[in-house]
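Asks: So you can see what is in the structure, the chains are spelled out below.
Protein chains: 2
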Amino acid sequence: MLLCDIGNTHFHFWDNGKISHILPKSLHKNMFNQEIYYISVNAQHEKLLNKTFKTTYDLESIIHLPTQYKGLGVDRKAACLCVSDGVVVDVGSAITVDVMSGGKHQGGYILPGFNEFINAYARISPALQGHINFGLEPSALPNTTKDAIGYGVIKSTILTIQNTIGSKKAYFTGGDGKYLAKFFAQAIYDETLVFRGMRISIEQALQKRRKQQGIQEKQGQNKEQE
Amino acid sequence: MLLCDIGNTHFHFWDNGKISHILPKSLHKNMFNQEIYYISVNAQHEKLLNKTFKTTYDLESIIHLPTQYKGLGVDRKAACLCVSDGVVVDVGSAITVDVMSGGKHQGGYILPGFNEFINAYARISPALQGHINFGLEPSALPNTTKDAIGYGVIKSTILTIQNTIGSKKAYFTGGDGKYLAKFFAQAIYDETLVFRGMRISIEQALQKRRKQQGIQEKQGQNKEQE
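Chains as they are written, first to last, in my numbering: chain V, 1 to 226; chain W, 1 to 226.
Careful: at least some of the hints might be erroneous.
Any copy will do: because identical chains look the same in the list, a pair fits if it lies in one copy or spans two.
Once the Cα atoms are required to be at most 30 Å apart in a straight line, the calculated DSS-like pairs of lysine-lysine come out as [what the hints assert, rightly or not]: (1) 178 x 146; (2) 146 x 223; (3) 146 x 47; (4) 146 x 70; (5) 223 x 54.
If you are wondering where the hints come from, they were derived from the structure by calculation, not from laboratory data.
Start from the sequences and build out the full structure, keeping to the hints where you can.
Replies: Take a look at the structure:
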């Protein structure tokens, strides 16, 4: 089975367990020749996928997550479907943090991904332009501009997510998820979280269909017996 | 006395206690006809000030703050000069957080100002574009995209600064300082912090000059007596 999670920067493919991250400019029709089951948070990239590949199926309508949240991204829904109790942190172009309890989504929030977070500084002043050290969690107060920016980005991200996690279990995914998970003792990193959610939804949809077909067959038999 | 604190967005003027915030495009030579004593963190805006007004003096060389920090902005130095022990938070285009202890600067860090922080979301995805509610501190987990962004911006800023302040006193300044100070029980808002630091530096420089002149006069008298 070939799954695709269309994000704001990459196309994430899951090809029977093998994961690849493709930039829009690198997408090519010869890459895959199977049917593609996808979810998307980016309309433009979704168009590109549908233009590039012949047989694609949007799974959005079968991704069901119990939630009060209006407009929850379909990738967040899929990832949350894998977690009954705990915090789901997807660290990509944006960092999304969602809380699950008893199989129900309790709400969540969004932080900028590291890339755009750092870019925000450069746009304030050329003096704040540059790369940051993604090393250890900053402990001492910075004494250089570079460290002052690194502290701002990393410390604020960690403190906010830590405030949400508390003593709960935390499941990290996404491109920078492995890096960020290091700072949390109770974190589990799972690159496949969104894809697992997509597969759970496919399985649920198939079961529902089988059940309906079963009922229809039974109804048909009953009619014949009448 | 007319002071000017040149920032990355505004020119902040202090005209004998009266404060005004002028955008670069609104700066006009008829606004002031006194000498202007200024500090600047933006070379382009500094040029504009010097082009617009005849008599200007850069105070940077007389702003002395004991610190190990390399490249500390002159406005941060000036604000810190007013505080012997405590945390100085300047909430402008950027949010700078600096810790003072025993009259010495202990280090500090930078967060994006609210404007560029919010812009970072819009650059990730058009779905994350929009204004946020600057109301109360977010307590419940968000259930809409708008609240999810507001939570990300406000909560991460508050948690990071709170982590630094702890039980220390905190002094807030800058355009959004009054708003942000509301979330901290131990916060004092002072719009004039940077200007007070500039005046402290001017007073110190004058005292030093008077002392040197006194020594020179005394040396002159001694020479005459010889």
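Asks: Hint compliance check: list the failing hint numbers for this structure, sorted ascending.
Replies: 2, 5
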